[in-house]
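Number of protein chains: 2
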Amino acid sequence: MIPTFIEKDAAAVHARLSKLYPEGSRTTKVLYDAQKYSLLAGGKRIRPVLVMETCRMLGGDVRVALDYGAAVEMVHTYSLIHDDLPCMDDDDLRRGRPTNHKVFGEDIAILAGDGLLTDAFATILCCPYATAQSRADAALALSQGAGSYGMVKGQVIDMFGETHALTPEELLELHRGKTGALIEASVRLGCHAAELTRDDQRIEAIVTYAQNIGLAFQVIDDILDCTQSAEVLGKSVGSDAKDGKTTFMTFYDVQGARAYARELTDRAISAIRTLPECDRLVELAEYLVQRDY
Amino acid sequence: MIPTFIEKDAAAVHARLSKLYPEGSRTTKVLYDAQKYSLLAGGKRIRPVLVMETCRMLGGDVRVALDYGAAVEMVHTYSLIHDDLPCMDDDDLRRGRPTNHKVFGEDIAILAGDGLLTDAFATILCCPYATAQSRADAALALSQGAGSYGMVKGQVIDMFGETHALTPEELLELHRGKTGALIEASVRLGCHAAELTRDDQRIEAIVTYAQNIGLAFQVIDDILDCTQSAEVLGKSVGSDAKDGKTTFMTFYDVQGARAYARELTDRAISAIRTLPECDRLVELAEYLVQRDY
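Heads up: the protein sequence lines correspond to chains S and F, in order. For the first sequence, counting from 1, position 67 maps to 67 in my numbering; every step adds exactly one. For the second sequence, counting from 1, position 250 maps to 250 in my numbering; every step adds exactly one.
Treat the hints with caution; some may be incorrect.
Any copy will do: because identical chains look the same in the list, a pair fits if it lies in one copy or spans two.
Claimed, not checked - Taking lysine to aspartate or glutamate pairs in the EDC-like style, the calculated list, with each CA pair at most 20 Å apart, reads:
#, residue 1, residue 2
1, K29, E162
2, K29, E173
3, K102, D61
4, K29, E170
5, K245, D91
6, K29, E169
7, K19, D90
8, K44, D225
9, K245, D92
10, K8, D279
11, K245, E173
12, K19, E7
Honestly, the hints are just simulated from the structure, not real lab data. All figures in this text were calculated on a predicted structure; none of them were measured in a lab.
Model the full structure from these sequences, guided by the hints.
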């Protein structure tokens with residue numbers, strides 16, 4: 001069961017995202033169509049929900065969190081489009097539909113992703129309800145989470161893992177980058193939406209929460225990849241095991257992996273337990289560790 | 001003859017860029033190597049020179065302009081890496097060396113570009129000498145120049161032009177996006193480096209300058225593409241005409257194109273003539289219109 005507040009936040013983000021990108025002319029329509037195709041394809045919208053609920057917990061303006069959350073989802077969407085390319089993971093199916101490059105071609109898929117990534121920063125920096133300090137802090141957190149020491153690094157380690165066995169430390173570094181960094185950025189953006197400055201001590205606790213749910217999220221993904229059907233997940237499954245790629249299932253059996261995800265979730269929850277109004281973030285962590293798709 | 005101040009600025013930018021990106025581990029070395037390969041390959045560094053000289057003209061802190069200029073060059077470099085990909089312009093040669101994907105593979109080339117684009121924002125937003133307002137304004141200008149209504153749009157129109165004849169208006173829109181938008185962003189970043197706010201009237205004059213030299217730059221590029229050798233330019237030539245692509249040479253002969261570039265340069269110069277200390281920007285415009293490589 002998805003908690004109601006997640007569904008409400010996700011619907012608000014979807015509405016915000018659907019306002020982006022015009023019809024376009026005969027020369028540009030394909031770009032904006034490709035961007036909307038992937039942006040409005042659904043998905044759990046976990047990252048913007050994290051931005052919004054972190055901001056709400058801290059008493060911030062949720063209109064700011066909605067813009068910042070839309071920006072994080074734009075970056076997440078670009079990363080999926082590029083990851084699915086033939087020279088990367090070469091996936092044909094995403095969220096139950098053909099991947100972006102299958103519909104629009106590789107050139108447009110790359111450019112649609114480049115545009116989404118770039119426009120995400122403008123979405124933060126144009127937010128009319130936020131101070132310059134908040135916008136600068138938020139854009140920096142997004143850049144650091146998504147860049148060459150965060151998400152991009154994770155994807156590079158993932159490509160390396162296509163042809164090499166990874167050590168447990170390298171697997172952790174992969175996921176701290178590939179999924180963890182943007183999840184951490186999401187809570188940071190929620191903090192900056194609530195006008196916390198970068199040295200506020202509450203950020204550290206919330207980041208510890210994010211790092212642990214991020215890792216738990218990936219452990220669950222690895223479990224589902226080898227136990228669930230493609231129909232339920234809406235994407236290709238079992239490809240990691242087939243390719244001999246290192247995953248958490250290389251080091252754990254299903255029961256061990258579930259216990260590890262539980263332990264990470266407990267660590268996440270205990271990190272924010274002392275913050276007032278933390279109930280929704282706790283509920284979100286529980287939902288993520290118990291999900292079956 | 002390259003004016004001395006351009007060579008000095010370019011050397012300072014090169015030194016700044018060479019501080020980016022570490023050695024890396026066995027999993028990440030290929031990413032950082034790919035980024036440094038293209039970032040430090042040389043090039044005229046016109047965009048960062050524009051940032052620095054605009055800031056200097058306005059009496060701003062050139063240390064800020066150096067960081068902002070490095071960011072623009074990172075975005076320019078990402079755009080070259082992605083444009084050269086097989087599914088885009090499919091170029092093997094760039095600045096006299098094999099293109100990024102030829103050396104590092106398509107997957108790493110895409111990720112190196114994604115990382116450079118993302119890290120450019122952090123380079124602006126981490127600048128220790130700039131106010132939050134300056135950093136937020138500069139990052140916004142970069143995002144708007146590089147994104148789906150600027151450079152990315154230009155590249156999409158360019159891809160459309162591979163298979164369609166463009167109207168003169170579409171050709172102008174292509175170049176206003178593909179090269180013009182980042183050149184405009186460069187002077188905006190120079191203005192924000194000097195702490196001009198977005199409503200300062202001087203920005204309008206300097207942007208008019210940038211728009212006109214940007215278009216002149218492209219007209220000269222089109223002339224050189226059909227009159228110069230690959231050896232001199234360090235890249236493939238004559239490919240536009242060969243592919244039947246619309247260029248300025250579709251609508252002008254060499255003499256007419258040179259006259260058009262001259263007219264654009266005159267418009268650029270007259271836009272900034274009333275600003276004190278405009279000499280270097282004038283000299284830069286003259287250099288760009290007279291260059292033969």
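How the hints compare with the structure:
no.: 1; hint: K29 to E162; in the structure: between (36 Å within a copy, 16 Å between copies)
no.: 2; hint: K29 to E173; in the structure: between (39 Å within a copy, 14 Å between copies)
no.: 3; hint: K102 to D61; in the structure: neither (39 Å within a copy, 48 Å between copies)
no.: 4; hint: K29 to E170; in the structure: between (41 Å within a copy, 14 Å between copies)
no.: 5; hint: K245 to D91; in the structure: within (15 Å within a copy, 32 Å between copies)
no.: 6; hint: K29 to E169; in the structure: between (44 Å within a copy, 16 Å between copies)
no.: 7; hint: K19 to D90; in the structure: neither (30 Å within a copy, 34 Å between copies)
no.: 8; hint: K44 to D225; in the structure: within (17 Å within a copy, 49 Å between copies)
no.: 9; hint: K245 to D92; in the structure: within (19 Å within a copy, 32 Å between copies)
no.: 10; hint: K8 to D279; in the structure: within (16 Å within a copy, 57 Å between copies)
no.: 11; hint: K245 to E173; in the structure: within (15 Å within a copy, 45 Å between copies)
no.: 12; hint: K19 to E7; in the structure: within (19 Å within a copy, 45 Å between copies)
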